[in-house]
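These protein sequences, in sequence, are chains D and C. Taking my numbering, the leading residue of the first sequence gets 16, the next gets one more, and so forth. Taking my numbering, the leading residue of the second sequence gets 35, the next gets one more, and so forth.
Treat the hints as calculated values from the structure; they're not laboratory data. Worth double-checking, as some hints may not be accurate.
Per the computed footprint, the stretches of chain C lying under chain D, defined by three or more beta-carbons under 8 Å from a beta-carbon of chain D, are [said to hold, decoys possible]:
(1) 119-126
(2) 133-139
(3) 142-150
(4) 219-231
We put the beta carbon where it would ideally sit given N, CA and C, even for glycine.
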Amino acid sequence: MNLLDAHLVPAVDGVAYGLLLFVVAAGLSLAFGTAGVLNLSHGMLYAIGAYTGAELSDGTWGGLAVGLAAGTAAAAAAGAGLSAATVPLARRGHLAQALLTFGLALIGGNLLIEFFGADELPVRVPEALDSSVTLLGHRYPAYRLCFILMAVLLAAFGTWVLTRTRVGAAVRASADDPQMLATTGHSPRAVHTGVLAAAGALAGAAGVLGAPIIGPGAGTADTVLMLSLVVVVLGGLRSLWMTFFAAIAVGEVQTLGVSLAPDWAPYLLFAAMAAVLILRSQFTEPATAGHGGGDAGSDPVEWLRRRLSASFKERGRGRGTAEADGAVRSSGRGGPLSRLPRGGPDDSTLASRGRQAAPLLILLVVLIALPALLDAYSLSLAGSALALGLLAVSVTILTGYAGLPTLGQTAPFAVGAYATANLADAGWTVGPVQIVVAAIAAALFSVVTGPAVIRARGTTVLMITLAIGELASAAINQMKSVTGGADGLVGFPPTQALWGGEGMIEEDQVYNYALVVAVVAVVATIAVLRSPAGKLLTGSRNAEARMRASGHPVGRYLFMAHIGAGALAGIGGSLMVTVQQYLSPADVGFEIAAFALLAAVIGGSTSVIGGLLGAGLIVFTRDWVASSWPGHGPLLLGALFVAAVYLLPRGLAGLRLGTGARGPAKGAELPPGHDSVPAGKVAP
Amino acid sequence: MTAVPDVPDAPRVLDLKNLTRRYGSLTAVDDVSLQLAAGARHAVIGPNGAGKTTLLNLIAGTDRPDHGTIALGGADITRTATAKRSRLGIARSFQQPSVIGELSVLDNIVLAGWRHHPLRRGAWRRPSRYRQHEESAARHLEAVGLAGSARRPAADLSHGQRRMLDLAAALAGDPRLLLLDEPAAGLTDGDIGRLLSILGGLPESVAIILVEHHVEVVAELAETVTVLAAGKVLITGPTAEALAHPEVRDAYHATSGASRDAVEARG
Chain D
16 MNLLDAHLVP
26 AVDGVAYGLL
36 LFVVAAGLSL
46 AFGTAGVLNL
56 SHGMLYAIGA
66 YTGAELSDGT
76 WGGLAVGLAA
86 GTAAAAAAGA
96 GLSAATVPLA
106 RRGHLAQALL
116 TFGLALIGGN
126 LLIEFFGADE
136 LPVRVPEALD
146 SSVTLLGHRY
156 PAYRLCFILM
166 AVLLAAFGTW
176 VLTRTRVGAA
186 VRASADDPQM
196 LATTGHSPRA
206 VHTGVLAAAG
216 ALAGAAGVLG
226 APIIGPGAGT
236 ADTVLMLSLV
246 VVVLGGLRSL
256 WMTFFAAIAV
266 GEVQTLGVSL
276 APDWAPYLLF
286 AAMAAVLILR
296 SQFTEPATAG
306 HGGGDAGSDP
316 VEWLRRRLSA
326 SFKERGRGRG
336 TAEADGAVRS
346 SGRGGPLSRL
356 PRGGPDDSTL
366 ASRGRQAAPL
376 LILLVVLIAL
386 PALLDAYSLS
396 LAGSALALGL
406 LAVSVTILTG
416 YAGLPTLGQT
426 APFAVGAYAT
436 ANLADAGWTV
446 GPVQIVVAAI
456 AAALFSVVTG
466 PAVIRARGTT
476 VLMITLAIGE
486 LASAAINQMK
496 SVTGGADGLV
506 GFPPTQALWG
516 GEGMIEEDQV
526 YNYALVVAVV
536 AVVATIAVLR
546 SPAGKLLTGS
556 RNAEARMRAS
566 GHPVGRYLFM
576 AHIGAGALAG
586 IGGSLMVTVQ
596 QYLSPADVGF
606 EIAAFALLAA
616 VIGGSTSVIG
626 GLLGAGLIVF
636 TRDWVASSWP
646 GHGPLLLGAL
656 FVAAVYLLPR
666 GLAGLRLGTG
676 ARGPAKGAEL
686 PPGHDSVPAG
696 KVAP
Chain C
35 MTAVPDVPDA
45 PRVLDLKNLT
55 RRYGSLTAVD
65 DVSLQLAAGA
75 RHAVIGPNGA
85 GKTTLLNLIA
95 GTDRPDHGTI
105 ALGGADITRT
115 ATAKRSRLGI
125 ARSFQQPSVI
135 GELSVLDNIV
145 LAGWRHHPLR
155 RGAWRRPSRY
165 RQHEESAARH
175 LEAVGLAGSA
185 RRPAADLSHG
195 QRRMLDLAAA
205 LAGDPRLLLL
215 DEPAAGLTDG
225 DIGRLLSILG
235 GLPESVAIIL
245 VEHHVEVVAE
255 LAETVTVLAA
265 GKVLITGPTA
275 EALAHPEVRD
285 AYHATSGASR
295 DAVEARG
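Sequences are here, hints too, so could you generate the full structure?
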C-alpha cells in the first residue's frame, strides 16, 4: 500500500502520458502502415499543434476549442502538404520518403523556433481545469484527468472511423492493395493525402491537448518523434490495441520508471525497443515481405558445430583442391574466359581505372593544398570534416553496399571518440595507438550491436539503428566517470603523430595528421570494396535470395561489413577528438547521425568519394554558411536534405556518372535494390 | 507415392515426408510426401495456388514446414539454412529470375559458383583465384549461350536472358538436386528449345524437380509427375500416366491444346 501510495501520482501521470503518446503514435502508425510513409516529421506536426494551442489558449473553454480546431487544422494541412511532397518519390520507396520527411522536419523545426522563439511557451488551460482534485488522498491536476478522458474519446473516435465507416474501409483497403482500390472508384492519391492529413490531425490534436504535458519548445518535436517511434515499434503496425498497450507502457516508463529507477529509465525504453525488434523479425515494412531464411547462425552451438565440421572437411579435401587447382591452371590460357568478348563498360582497363581514380586524386590534391589556402579556424573545420567524412563513408558502406540504412553509426563513432579521449587522458598520446585502439573498441561494439542490425531490412533498420544511437546517447549521459556526462571531456593532452614526437598543437599539424589517417583509412576501404568482397556485398544487397540459394552466408557478410564500418566510424571518432581537443555528447548525437546519413545520400549511396564530399558540404553549410546567418543551420541543412532527395537520386556520384558512358544503371536508385522484389518473397 | 517405383534400390537423393505448410487458415502444402532417386527427372504440376512454389521453397529452405521432414541423401535437412542446403547440393531457379543487376553477367555466375568452387578460400582478396573462378563461370555462361554478354551489367539483359542467367547461376554450383520454378515462363519458343537442350544435357546424376505450366516441357523432360491441387498430392506417377489422369486432362485441356498448336507451328 505504501508503494502504491508513494507512486500513485507518477502512475496516473504515466497513463496520461501514455494516452498522449498513443494518439500521436496512432497517427504515425497510420501514415506508415497504410500510406507507407515513415514520417520523421511527425514530431513537428505535434509541435505545430502545440504551438498553435499555446498561442490561442487564454484560459477559457472557448480558447481551448479554437486552439484545438486551429491546431488540428494546421497540422492536418501540413500532413496533406507532406502527402503532396512525397508523391514524386512514390517509386523510390520508403527510404527516400523517410529522408525527405526528415529534411522537412529540420526546416519546419527551425521555422517554428523562428516564429515562436526558442523558449518553451507557457500553456494556459481553462480555469475550471486549472485546479487539483483529490485522488486517494493525493492532490492531482484536474486537467490531466480531463486529458485522459479526452484522449480516450479521441482514440475511440479514431478507431470507430477506421473500423466501422466507409472511409476507414477505403483506408484499410489502400494499405492492402491500392490498385484494387482504384478499380472501385476511389483514387489512391486522394486516400494517400487523406491518410496523411488524418495522421497530421491526430498529431495536431494531441499537440493542442497535450501541450500542458509535453509543452511546445525547441526539443518537443524530437522527443515526441522518438517516443512515438518507440511506441510504434513496440506495438507493431497491425493492431491498435498493441499500440495502445505499448503507449501506456512507454508512458509509465517515462514517469513511474523515472521515479522508481531514475538511473535505468533511459536505457529501458530503447533496450526494450531493440529487443522487440530483434525478437520480432517479421516486423517489416508494409508491402514488403520479410527476407527469407534470416536464421543463419541463430543457434550458436549449431553454428560452431558446422564450423568445426566444415574445417575438418576442408583439411580432408586438401589433395583434391591441389588437383583441381592444377586442372584449372592447365586450362588457363585459351580457356573459355579468353574467348569472351573484351571491352565494355565493366572492363578494368588502365584507362577506365584512371578515369575512376581521377576524382579521388583531384580531391586529394585539393585536400593537401588546403593548409596553404585556409586560416587556422577554417582548417580545423576541414579537419572535423575529414573526421565526419570517415563517419559518412562508414554510413555509405552500410547504407549503399550492405543495404542497411543506418542512423546509429554515431554509436561506434562515439566509442572511438571516448576511447581516444580517455586514452589521451591516461597518457597514451601516440596517434597510431589511439587510432588502433579506437578502431578495435568500435569494432567490438559493432560485434555486439551487429546481430540486431543485420536481421532487418529497409526502414526497420533505420528504426533499430536509431534505437542503438539513442541507447548510446543515454549511456554517455549516465556513465559520467568515463564520458564526463553532459559536460563532455576537455583538457586531455594533444595527440602525437608518431612515437617520440611532440604533441600536435598547430592547426596545420593536426590537419595533416588527420589527412594522412583519413587517406589511409579511405584507401583501405576502397581497396576492400573494389575487391571481390565488395561484389559479395553488392550481390547480397541486389539479390539476397539468389545469394542464399547459391550458398552464400549473407548474414555473415553483412555482419563483417557492419564490423568494418564500425571500425571505420571509430577511427573517425578518434580523429574528431584529436582535431577538436574536446568532446561533448552533442558531437556524437542524433543530429550527427542524421548528417552522416545525409552525407551518404548526397554523395550517392555507393560512392565513397561522394560520402566524403557530402560530409565536406555539410560541414561547409553548418559552420561556414550558417555562421553568416546565425540560428539557421538546421534550415539550411534541411533544405540540403530535401534538395538532395529530390534532385540527386543517386547523389553527387550520380552527377558524375550521369555524364559518363554508363548511362543510368537500373536499380541503382536510393536505396539500391531495396524496394525491388523482396528477397525470399513467399508466394503460397 | 514413390516417384520411382521401378527402382526401389536406387539411392534416394530427396525424401519428403508429410510436409505441411500453413499460412494462417490457408494450407499451401498439405501432407505431401515424395521420394526421388539420384538422377530422377520429376515434374510438379497443378493449377495456380496449388502450392508448387511453396513446395520448392520448403525444399530450398526459404520457407519452413509446419510439419514433416526433408532429407537430402539420407540426412535430415528440415531445419538447415538455405545457404547450407545450397552447399549440400540443392540449387534452384526463381519464378522471377533473380540476378544481381549492378554486377556483370560473368560476376553473377562467379558469385553463384563461389561457395562451390574448390578454390573458394581467399578468393575475395586474391585476384589470381578470382580469375580462376571466372574461368569456370565462363564455361557455365557458354553452356547457356550468354558468353557474348559476359561483360555487360546483368541489369541490361532481356527477360529471356535473365532466365538463362538464373539457370546458369543454379547450375554453377554443380548441384545434385536442381529445383526449377517455371523456367519456361515468358520464354520464346526458341528459348524453350535451348532450355530443353540445356536441361537434357545435364549429367545423369542430377535430380531435377520441375515446376512448369508448359505441358510440352513437362512431357519432354519429366519421367515422373506429381499433380498438386490445393496443396494435396492428386497423383504421382509416370508422366504419361499422370497427364492422362481425367482430372489433370480436364485442368490442362485448354492449355495443352494451345501448346500443341504452338508445337505444330514451331515444327
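Which numbered hints are broken by the structure, listed smallest first? 4
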